[in-house]
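One line per chain: the protein sequences are A and B, in this order. For the first sequence, the residue numbers in numbering that gives the first Met the number 0 are 0 to 334. For the second sequence, the residue numbers in numbering that gives the first Met the number 0 are 0 to 254.
Hints in this document: simulated from the structure, not taken from any laboratory.
Listed next, the in silico PhoX-like pairs over lysine-lysine satisfying Cα-Cα at most 25 Å (straight line): (1) Lys-227(A) x Lys-214(A); (2) Lys-146(A) x Lys-16(B); (3) Lys-137(A) x Lys-16(B); (4) Lys-146(A) x Lys-8(B); (5) Lys-8(B) x Lys-137(A); (6) Lys-177(A) x Lys-137(A); (7) Lys-146(A) x Lys-177(A).
Listed below, chain by chain, are the residues.
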Amino acid sequence: MSPSSAGTPPAIETRGLTKQFDEVRALDGVDMSVPRGSVYGFLGPNGAGKTTALRILAGLARPTSGSAFILGRDVVAATNEVRSLLGFLPDVPGFYPWMTAPEFLRFSGELFGLGGAELEDRVGALLGLSGLEGVNNKIGGYSRGMKQRLGIAQALINAPELLMLDEPTSALDPIGRKEVLEMIGALGGRTTVFFSTHILSDVERVCDHVAILNKGRIVTQASIAELKESRGEDRVVLEVEGPSGDGLSGDGRAGDGAQVDGAPRLAGLLKGSSWLLNIEQTGHGRLLLAVADLPAAQRAIPQAVAELELGLRRMEIEEASLENVFVELVGESAV
Amino acid sequence: MRGFSVFLKKELREVRKTWRLWVLPGIALFLGITSPVLAKLTPMLVEQAGQSQPGVVIEFPDPTYVDAYTQFGSQLNQLMIIAVIIATAGLISSEIRRGTAILVLTKPLSRVAFFLAKVVSQTLVLLGATVVGTLAAFSLTAILFGQAPLLDLLLGAGFWFAFAWLTLAIMALLSVVFNSQGGAAGVGIALLFGVILVVSTWSAIEDYSPAALTMASMNAFRGEEYQAVIPLLSTILVGGLALAAGAWALQRKEI
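Isolated chain B (complex conformation) (with noise of 0.2 Å):
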């Protein structure tokens, strides 16, 4: 792990002069700010849709922070997850394809540390993302629904995290694999749906897999009971292995 802290501390100060710092966070502020303003107001854009068309009625309920969390988790599930992976996809083969790994890697700064520095502060931007949109949603959903229960916030967002932190763990791992950064976001999207259509369709491993862990984020944002530990375990597991997968397909890497 020689030149661990060095490289790392490097990596950090990147995420703090480039784009790094707007991209992952940016979106989590946008979907944040906008799922409790959309909770709101699409009941109200729906029925008065409604309205316009003679012999129609459209009646929803009065939206609650329910419904802005729900709003929310989705969009992380979805939208955000996508943005992970085309964020994460070039995580080392950049480096590589810029020329500039082969001038930190002929220093003694060990490949493994190069690696697991990049995952790193990866996850630190994922988890400032994180924390930002979660605010975001916290705040307009207390503002415009004048109830905004934290725990169950935290818990989905954690569990979110938790997911897209694998995420990231399989992106680091296939962009080593992959020179190429859109090769590697194409694999990992197609990845992603393969899992989530694997899990869907095959009830064994339905609780166990770490995609249940999207299922536990959204049970946790709608304050419903949920199944998280398993899931968690697994995520540790899978990640921890994507991880030694790709420090070790690094080392052996001709760059």
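Next up, chain A with everything else stripped away, as it sits in the complex (with noise of 0.2 Å):
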């Protein structure tokens, strides 16, 4: 049993797993906590890892060193019963062409001792979540779409405690994308989930808890609330006029026709206010404000940009978000 099993154990937790092929560290000491019940996202650029990680918890690979636990079994340990407790969809799911949708729930069922009206019920429930009743023709002429929501329905054939998802999305169009996220998010509260991705905004809508990772190593884990409020800053984004008079044009440009950037005077007046973090210029008459306190900055924007005699063209405010934090712990490359 694991460490944390006094309690409930989590869904998946990982002691110090470390995965090395040859001269590459794939995983370097990741250390996680799934909670149940949660759709947990696991981000990260490609190369991150996280599909080795996944094969590990999975049964696929084995760690170089290091612990993983499902449901309190180790994973290394106790194979089987790991693989009763669990579903699972690899990125690219492989099929046997010649078989049906049907069919291939049905042969999954059985994999896990099912038979009979149980499963010939979970069977049409899975066809109907999965848009795929009354498609009767081979797997092999299926869409990337189809075959990925059949593989949704054929990992959750067992009822599993833990949902298992290798990037679920990706290489689907808008419409196939839309679909697969409406499933998972119609499984949040009915079985842990936990997928791996590396697009940001999947992430944002239907996951509750995230844990980010990046060559080889989780930058962090929390809810997406605690996430954003801990680490993200809501941003505002400026752009403003120049004065009118003082050798201006009426219309704000100077006597030659030049624009006059006035971002930089409003710039040096917010300086130093409280509820500023940062403020850099972004253009002409544009600056982005990171700020710790939206009212407060609400209110003393207009105030100073008034005091300047500025003309405020747009305030924009950029709430914190997901790909923000993502940045912060990442970097821009790997957006």
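Take each chain as given, in its own frame, and dock them per the hints.
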């Protein structure tokens, strides 16, 4: 049993999980805890080690060191026991092309020891959930989206306590992606869903918890709300026009026709405000402000603009997003 | 062995629904039909070819069922064994490459059961192919030569089947070790010729090794004496070891 088995063990727990491939360390001491019942996003750029972690958790690969537990069972020692509690969808699911969807679901169920009316009921329900009801073609003729939905359905055939999905939406078109995300979202609260992705918006859309993996290391893990609160910052995008008069034409342009930039003067005035975390000029007349206290900023900025007799063309508030957190932790290049 | 019967049932349905049903039985059927025909026609064709050369007279004794059986046995030991090697070289690796192994091995199906179910299903295909080819050879021989002793044919085909099963067991192991079907097939063929070379030059093991089954098979087809007990036992032993090694290698393999 896992070290935290005194109470109900988490759905997934890893301790110092490390995987070395020759010169490459794919996972480097990963400590992670996935609460039961959560929809957990395992986020990271391509090559971060997400698939390697999932392969170890699914019993397809062995860790070089460290340990991993699923629902309190060691994934290396209790393989059959772990697999009976688990539903798994790899990034590119491979099906027998000569089977139909109901045939594959029946076969999958039989591997879990299911049969009779119970199996038929589940097959019918999962075909409905995956939108494959009435589709009797061979799987070999399915689109990528249909295969992905069938992949999720087969992973649910045993009503798993933990559903693990590896990049379930990658390489899908927008409609296929929407359908798969809706399926995942519909599972929230019914089972623990752990899915890896490099697509930030997918995590924001359906997950309540997230771990961010970069270069084989967990850089953060928390509920999405906590993460935004603790690490995220609201941002204000400002666009101002230069003042009229003082040798300027009435439209705020310098005598020679050039636009006067009021942004540096505004930045200078706002600097030092208690609610301001950072300010940078992003273009002519444009400022991007990172703020700690959004209401205070909403009061102070128009006052400062008026004080400098500038024209306020745009004031747009961007609330803290996972993308900001991800960029901060992983780097711009990873997005 | 959890999941063995479910996966074997899937394998047998796959045999029925895909090309796997036709390849080995098809080749065996072809050999079973063509061997008696070739045995019947070859002497006539050679004699006729000789008549076109002035002063050359080629005479063959009338062909008999023994020639048909010998032809069939030779084809089994050469072409059919190579066909078995090629057809089974991707037995395991193709499931891993296609991603189907990941889906089934993350369910409560043990890797040993997965491996053995594939071997058993392929053994049944091989047995079916042997029966089909043998029946064809028996029928054509009886029609063309008016005589076709069944026991000689069954014994010869039976000994050949044992050797082919050993080939299958070794290929199952190689298909775990090598990710490429071509690589496993190449090693399998090299191994076959290597074993034949070693056995033919090392008289101490000539009568005891599984390769001696090919000789026993040919002798049985000809209605001659054969020594098959020790080669059969050594075949079962080596085949069993190959299967054990294959199952162990698959247990260790990262997929």
